[in-house]
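If you're matching them up, the sequences are chains A and B in order.
Note that my numbering has the first sequence beginning at 1, numbered continuously upward.
Note that my numbering has the second sequence beginning at 1, numbered continuously upward.
Derived from the structure by calculation, the hints contain no laboratory data.
Just to be clear, a hint being listed does not mean it is correct.
[Unchecked claim] What the simulated footprint calls covered on chain B by chain A, stretch by stretch (three residues with Cβ under 8 Å from a Cβ of chain A suffice, anywhere in the stretch; the number is not a length):
(1) 181–195
(2) 254–263
[Claimed, not checked] Derived CB-CB ranges, DEER-like:
(3) A:A2 to B:K73: 42 to 48 Å
(4) A:K86 to B:V30: 57 to 63 Å
(5) B:S117 to A:T288: 37 to 43 Å
(6) B:G246 to A:E130: 49 to 55 Å
We treat Cβ as the ideally placed atom computed from N, Cα and C, and that holds for glycine.
2 protein chains.
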Amino acid sequence: MAFPTHVRLFEMGARDGLQNESGPIIDTAVKVELINQLSDTGLTHIEAASFVSPKWVPQMGDASEVMSNITRKAGVTYSALTPNLKGLEGAIAAGVDEVAVFGAASEAFTRKNINCSIKESLERFAPVIEMAKEHNIRVRGYVSTVMGCPYDGDIDPAQVAAVSRDLMDMGCYEISLGDTIGVGTPLKAKRMLEAVAKQVPIELLAAHFHDTYGQALANLYAVVEEGVAVIDASVAGLGGCPYAKGASGNVATEDVLYMLNGLGIETGVDLQKLAQIGHWITAQLGRTSGSKVALALGCN
Amino acid sequence: MAFPTHVRLFEMGARDGLQNESGPIIDTAVKVELINQLSDTGLTHIEAASFVSPKWVPQMGDASEVMSNITRKAGVTYSALTPNLKGLEGAIAAGVDEVAVFGAASEAFTRKNINCSIKESLERFAPVIEMAKEHNIRVRGYVSTVMGCPYDGDIDPAQVAAVSRDLMDMGCYEISLGDTIGVGTPLKAKRMLEAVAKQVPIELLAAHFHDTYGQALANLYAVVEEGVAVIDASVAGLGGCPYAKGASGNVATEDVLYMLNGLGIETGVDLQKLAQIGHWITAQLGRTSGSKVALALGCN
Chain A
1 MAFPTHVRLF EMGARDGLQN ESGPIIDTAV KVELINQLSD TGLTHIEAAS FVSPKWVPQM
61 GDASEVMSNI TRKAGVTYSA LTPNLKGLEG AIAAGVDEVA VFGAASEAFT RKNINCSIKE
121 SLERFAPVIE MAKEHNIRVR GYVSTVMGCP YDGDIDPAQV AAVSRDLMDM GCYEISLGDT
181 IGVGTPLKAK RMLEAVAKQV PIELLAAHFH DTYGQALANL YAVVEEGVAV IDASVAGLGG
241 CPYAKGASGN VATEDVLYML NGLGIETGVD LQKLAQIGHW ITAQLGRTSG SKVALALGCN
Chain B
1 MAFPTHVRLF EMGARDGLQN ESGPIIDTAV KVELINQLSD TGLTHIEAAS FVSPKWVPQM
61 GDASEVMSNI TRKAGVTYSA LTPNLKGLEG AIAAGVDEVA VFGAASEAFT RKNINCSIKE
121 SLERFAPVIE MAKEHNIRVR GYVSTVMGCP YDGDIDPAQV AAVSRDLMDM GCYEISLGDT
181 IGVGTPLKAK RMLEAVAKQV PIELLAAHFH DTYGQALANL YAVVEEGVAV IDASVAGLGG
241 CPYAKGASGN VATEDVLYML NGLGIETGVD LQKLAQIGHW ITAQLGRTSG SKVALALGCN
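Here chain A stands alone, though its shape is the one from the complex (with noise of 0.2 Å):
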């Protein structure tokens, strides 16, 4: 056991949570709401937008807009996604602190998602990360289906090693292991990120476990109790599932941060702000908060 003293959440809900959320095209006013608020939590890292196609991805259309119109909070990182170096270029001239690439750990992921191999895709990050680099920017590296995958099923840790280690010699300075379907169980997480973890310092390691089987926090306890010591999380559950209708999608933050608080590992972020947060934001989309604990607690 060699549990952390601290763990890092970074704050998925205005990205993954919100582009994941089925529903009309969400107000910039309310993302910059929700941004602004959540930067007077605690949390040091917030993902808040993604430089992407508005074909493909209409509910980001706004990034540039978002960035614009965010409150700018000291000691707060605001980063954006970029799959492509015109993203990066979007999100260098909306001056976000950081960005992300986003890889996977199944081929057949990589295919249906971009059309193109992981060796392909790795390739088509290595100008972006070179570019962000050289704008002093840092670059945190997705690699997804960690656990499982729709389409290939069971995935073989030393693969998740290797796109791991890819993205790390590329120049990521962190790396998010991604249960992105949450078919993953305690254990299966344990042994993914042993096989990680002689690949890359697990000091570098994030776990972005989903809930959609509920399982995310078992997962998490699991890999916690490894040491690794950050952990991704969205305000209420935003964000469902793309391969189920109704499931879940991302663990909610405030269910995170109840079972860090009472394994008594510090985070530096106020439960109650942020579960009220979660059910202003749900309320504006019109549900209740994905958050268990922000429903014990009842402040809605």
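Using the hints, position chain B against chain A.
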């Protein structure tokens, strides 16, 4: 680490679940159908009824009718809650296989619930346990509020251990440790368990963890890691939380089973069948399944 190779699931949906659902009294025929369907999933232990005054728990007023109308399946133990001698007599007349008494680790909770001290509550159970023994009926002991109390707050693990030990010494064959308000987190669960296991052999302990704060699976993983091999759960997460409106109560059996399957732990229970029953019963109640696995499997 001492993972069990087999875990026995104790199904709570028909009693603890339905009893805590809001809404009108459920038809006896629906309860009977639920229990019959559950009997056909591989579950070996089903809590089917509560022999308690219908003045206090109207939802369980048809306990005798339920027991006399179910189709008994060989190999399945049908149990009932019997808070007093009158209840036990009813349960014996109805031919239940096993009964249970319901204690707590919190003085305030005991006082609020049954208006006596913990010591007095145990004295009241003594003749119930004695008479059950005379009829060769096994008695299970529940200890509630093992990780926190809605009135007393934190609960000393030593207090949980003492009540558990008393119930065992009085003749209970198994002690089910209930996180009644779902406030526990994994290390707290481990520490509570370790304290109890010093007084009661771990083979006699069951985990009955509620999911009010979304922590149940993580907590279950933590105690299964220590060797706990009996888990109480409720199909579709039946049963809300009387202490927080709209919040969850029992952990969903489907979600527990999915985790155990992933851990390679044998249960003998069929996940697909269970998820379908969960969809059926929650449709009867006019709501969707509270199991994330059931929603992800999409079998409604």
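Here's how the hints hold up against the structure:
Check result for the segment 181–195 of chain B against chain A: holds, 6 residues qualifying (beta carbon to beta carbon below 8 Å, three or more required). For the segment 254–263 of chain B, the stated coverage by chain A holds: 6 residues have a C-beta nearer than 8 Å to a C-beta of that chain, and at least 3 were required. For A2 (chain A) and K73 (chain B), the Cβ-Cβ distance of about 47 Å falls inside the hinted range of 42 to 48 Å, so the restraint holds. Distance hint check for K86 (chain A) and V30 (chain B): the Cβ-Cβ separation is about 58 Å, which falls inside the suggested range of 57 to 63 Å.
Under the hint 37 to 43 Å, the C-beta atoms of S117 (chain B) and T288 (chain A), about 39 Å apart, fit the expected range. Checked against the hint of 49 to 55 Å, the pair G246 (chain B) and E130 (chain A) passes, with Cβ atoms roughly 50 Å apart.
In terms of the numbered hints stated before, the structure departs from none.
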